[in-house]
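*Asks:* For reference, the chains in residue letters:
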Amino acid sequence: DQQVKQNSPSLSVQEGRISILNCDYTNSMFDYFLWYKKYPAEGPTFLISISSIKDKNEDGRFTVFLNKSAKHLSLHIVPSQPGDSAVYFCAASAGRQAGTALIFGKGTTLSVSS
Amino acid sequence: KAGVTQTPRYLIKTRGQQVTLSCSPISGHRSVSWYQQTPGQGLQFLFEYFSETQRNKGNFPGRFSGRQFSNSRSEMNVSTLELGDSALYLCASSLGTSTGELFFGEGSRLTVL
Chain A
1 DQQVKQNSPS
11 LSVQEGRISI
21 LNCDYTNSMF
31 DYFLWYKKYP
41 AEGPTFLISI
51 SSIKDKNEDG
61 RFTVFLNKSA
71 KHLSLHIVPS
81 QPGDSAVYFC
91 AASAGRQAGT
101 ALIFGKGTTL
111 SVSS
Chain B
1 KAGVTQTPRY
11 LIKTRGQQVT
21 LSCSPISGHR
31 SVSWYQQTPG
41 QGLQFLFEYF
51 SETQRNKGNF
61 PGRFSGRQFS
71 NSRSEMNVST
81 LELGDSALYL
91 CASSLGTSTG
101 ELFFGEGSRL
111 TVL
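As given, the protein sequences belong to chains A and B, one line each in that order.
Residue 1 is where the first sequence starts when you use this note's numbering, and the numbers rise one by one after that.
Residue 1 is where the second sequence starts when you use this note's numbering, and the numbers rise one by one after that.
Same shape as in the complex, but just chain B:
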């Protein structure tokens, strides 16, 4: 079965711009979680969407937002980009249980100049 698809894979933005990243989960998975990976902080949880509702949110500023569509596809948006937002953004799809395995996409590499 098809895995988790993230687009775009790479992108370069400048400070102050905004960016939208997309994630298509595995068919049948209703939960999509987003994580930020940086060399200094490792993987950090951004938020989780389940059946179009944000179910959980990590400790990130309001510039980071997301949504989920009825087909479970999800987007995350970062507004007013800062240099520190440069990171690998990973999307994970799952059945949504706390003991369930997360299936990660390959990530979207964002560079902010």
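In isolation and in its complexed conformation, chain A is listed as follows:
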């Protein structure tokens, strides 16, 4: 049973437009959420995170929104750039007891065309 779901396997966006990547979760014990980006032949790299006590976190072109009642989070990239083309993973943490055991979604491949 998937606890973190990224229902869109792929997303295509034009350069300069907004990219919106979505993620749903089922476990109400998750208290911290992260987004990672992965290029081919490289390991995932951390992008941005949000605590469950917040509903928005912003870092430059990247903003993550959290809707706890809907158990939904989204990553907005504005403006999108060709270098943003990668696989994006949503991940969740179930608190201090879970340590570094993140639950990942299966990823969304973002393609930004120029």
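Just so you know, these hints were derived from the structure itself, not from any lab.
Note that the Cβ used here is the ideal one computed from N, Cα and C, for glycine as well.
Wrong hints could be hidden among the right ones.
[What the hints assert, rightly or not] Counterexamples of contact, computed for chain B against chain A with all Cβ distances above 10 Å:
no., residue
1, 20
2, 43
3, 65
4, 112
[Stated by the list, open to error] Simulated coverage check for chain B against chain A, where a stretch passes if three residues somewhere in it have a Cβ under 8 Å from a Cβ of chain A:
no., segment
5, 22-28
6, 49-62
7, 98-109
Once you've looked at the hints, dock chain B against the given chain A.
*Replies:* Using the frame of chain A, we list chain B on its own:
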């Protein structure tokens, strides 16, 4: 500062064999986590070692094991390999907190024939 180093990067084994993968974390990081990435299942948590002790374990069979040395370097071992063990094995180093950023290596690509 140097990143996370995983060796070997690629390896091919046959069913029934065993394999050992190595991970050198970022200097100062005491936590090393291992993840398995497959096309069908995505990234799945295997286990975490912190200060030489296994602190957490994912839902994998006992054929998957690991250890951590006093210098924080870690190894994972898979015995009696099965075709389904073909995957990218990723090591992540961190300070060990649940809200801490994980720094991933490039992974070890295992193919089981």
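*Asks:* All the hints need checking, so say for each whether the structure fits it.
*Replies:* Do the hints match the structure? See the list:
1. Distance to chain A confirms residue 20 of chain B as a non-interface residue, since its nearest Cβ pair spans about 19 Å, more than 10 Å.
2. Taking the minimum C-beta to C-beta distance to chain A, about 4 Å, the non-interface status of residue 43 of chain B is violated against the 10 Å cut.
3. Every CB of chain A lies more than 10 Å from the CB of residue 65 of chain B, the least distance being 17 Å, so the non-interface label holds.
4. Every Cβ of chain A is farther than 10 Å from the Cβ of residue 112 of chain B; the closest lies at roughly 20 Å, confirming the non-interface assignment.
5. Coverage of a stretch by a chain is defined here by at least three residues with a beta carbon nearer than 8 Å to that chain's beta carbons; for the segment 22-28 of chain B and chain A the count is 0, and the condition is violated.
6. Under the rule that three or more residues need a Cβ within less than 8 Å of chain A, the assignment of the segment 49-62 of chain B holds, with 4 such residues.
7. Only when three residues or more bring their CB closer than 8 Å to a CB of chain A does the claim for the segment 98-109 of chain B stand; here the count is 10, and the claim holds.
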